[in-house]
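*Asks:* Sequence:
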Amino acid sequence: MKLLTVLMLIALPVSCFAGSGCPLFEKMVDKLVSSEVGVDQFVEDFQEFVNDEDTANALKEMKQSFLDQDYKTLENIQVIVYSSVLHHL
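Residue numbers (mature numbering (1 follows the signal peptide of the UniProt record, and there is no 0)): -18 to -1, 1 to 71.
Hints are computed from structural coordinates only; laboratory data are not their basis.
Certain hints may be false.
List of simulated lysine to aspartate or glutamate pairs, DMTMM-like, C-alpha gap at most 20 Å [said to hold, decoys possible]:
{"#": "1", "residue 1": "13", "residue 2": "27"}
{"#": "2", "residue 1": "9", "residue 2": "30"}
{"#": "3", "residue 1": "13", "residue 2": "26"}
{"#": "4", "residue 1": "42", "residue 2": "12"}
{"#": "5", "residue 1": "13", "residue 2": "30"}
{"#": "6", "residue 1": "13", "residue 2": "50"}
{"#": "7", "residue 1": "42", "residue 2": "27"}
{"#": "8", "residue 1": "42", "residue 2": "30"}
{"#": "9", "residue 1": "42", "residue 2": "22"}
{"#": "10", "residue 1": "42", "residue 2": "8"}
{"#": "11", "residue 1": "54", "residue 2": "18"}
{"#": "12", "residue 1": "54", "residue 2": "12"}
{"#": "13", "residue 1": "42", "residue 2": "18"}
{"#": "14", "residue 1": "9", "residue 2": "26"}
With the hints as extra help, turn the sequences into a complete structure.
*Replies:* And the structure:
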């Protein structure tokens, strides 16, 4: 799970500007923790970063693992991710 998350973050282009946040990263995290976004929709939304079937399958597994969590866990993950990113800016 952690490896998949790291690989997804590495795949995102470094397009963030200091102090302004990164809309692409925020979009990815929001869709990752949203129970309203399904597995196929998640992969489709980030299709530009999918080079092969293995990458698509990894994204599907990662999204499914988040869908299997309860609401409170997803809320905590979102807080932790954004807190960690803001701490390192």
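*Asks:* For a C-alpha distance cap of 20 Å, please report whether residue 9 and residue 30 respect it.
*Replies:* Holds, because 14 Å separates the two Cα atoms, which is no more than 20 Å.
*Asks:* Would the hint linking residue 42 and residue 12 be met if the CA-CA limit is 20 Å?
*Replies:* 15 Å, holds
*Asks:* Against the 20 Å threshold, does the CA-CA distance of residue 13 and residue 26 hold or violate the hint?
*Replies:* Cα-Cα ~11 Å, so holds.
*Asks:* For a C-alpha distance cap of 20 Å, please report whether residue 13 and residue 27 respect it.
*Replies:* Distance of about 9 Å is within 20 Å: holds.
*Asks:* For the pair supplied as a hint, residue 13 and residue 30, confirm whether the alpha-carbon distance does not exceed 20 Å.
*Replies:* 15 Å, holds
*Asks:* If you draw a straight line from the CA of residue 54 to the CA of residue 12, is it 20 Å or shorter?
*Replies:* 14 Å, holds
*Asks:* Is the hinted pair residue 54 and residue 18 satisfied, with a Cα-Cα distance of at most 20 Å?
*Replies:* 15 Å, holds
*Asks:* Within a Cα-Cα threshold of 20 Å, do residue 42 and residue 8 meet the stated pairing?
*Replies:* Status holds; Cα separation ~19 Å.
*Asks:* Under the criterion that the straight-line Cα-Cα distance not exceed 20 Å, is the pair residue 42, residue 18 satisfied?
*Replies:* 15 Å, holds
*Asks:* Compare the distance between the alpha carbons of residue 9 and residue 26 with 20 Å, and conclude whether the hinted pair is satisfied.
*Replies:* 13 Å, holds
*Asks:* Quickly compare the C-alpha distance for residue 13 and residue 50 to 20 Å and report which way the hint goes.
*Replies:* Answer holds: residue 13 to residue 50 is near 14 Å, not above 20 Å.
*Asks:* Quickly compare the C-alpha distance for residue 42 and residue 27 to 20 Å and report which way the hint goes.
*Replies:* Judged against 20 Å, a Cα distance of about 12 Å means the pair holds.
Checked against the numbered hints above, the structure violates none of them.
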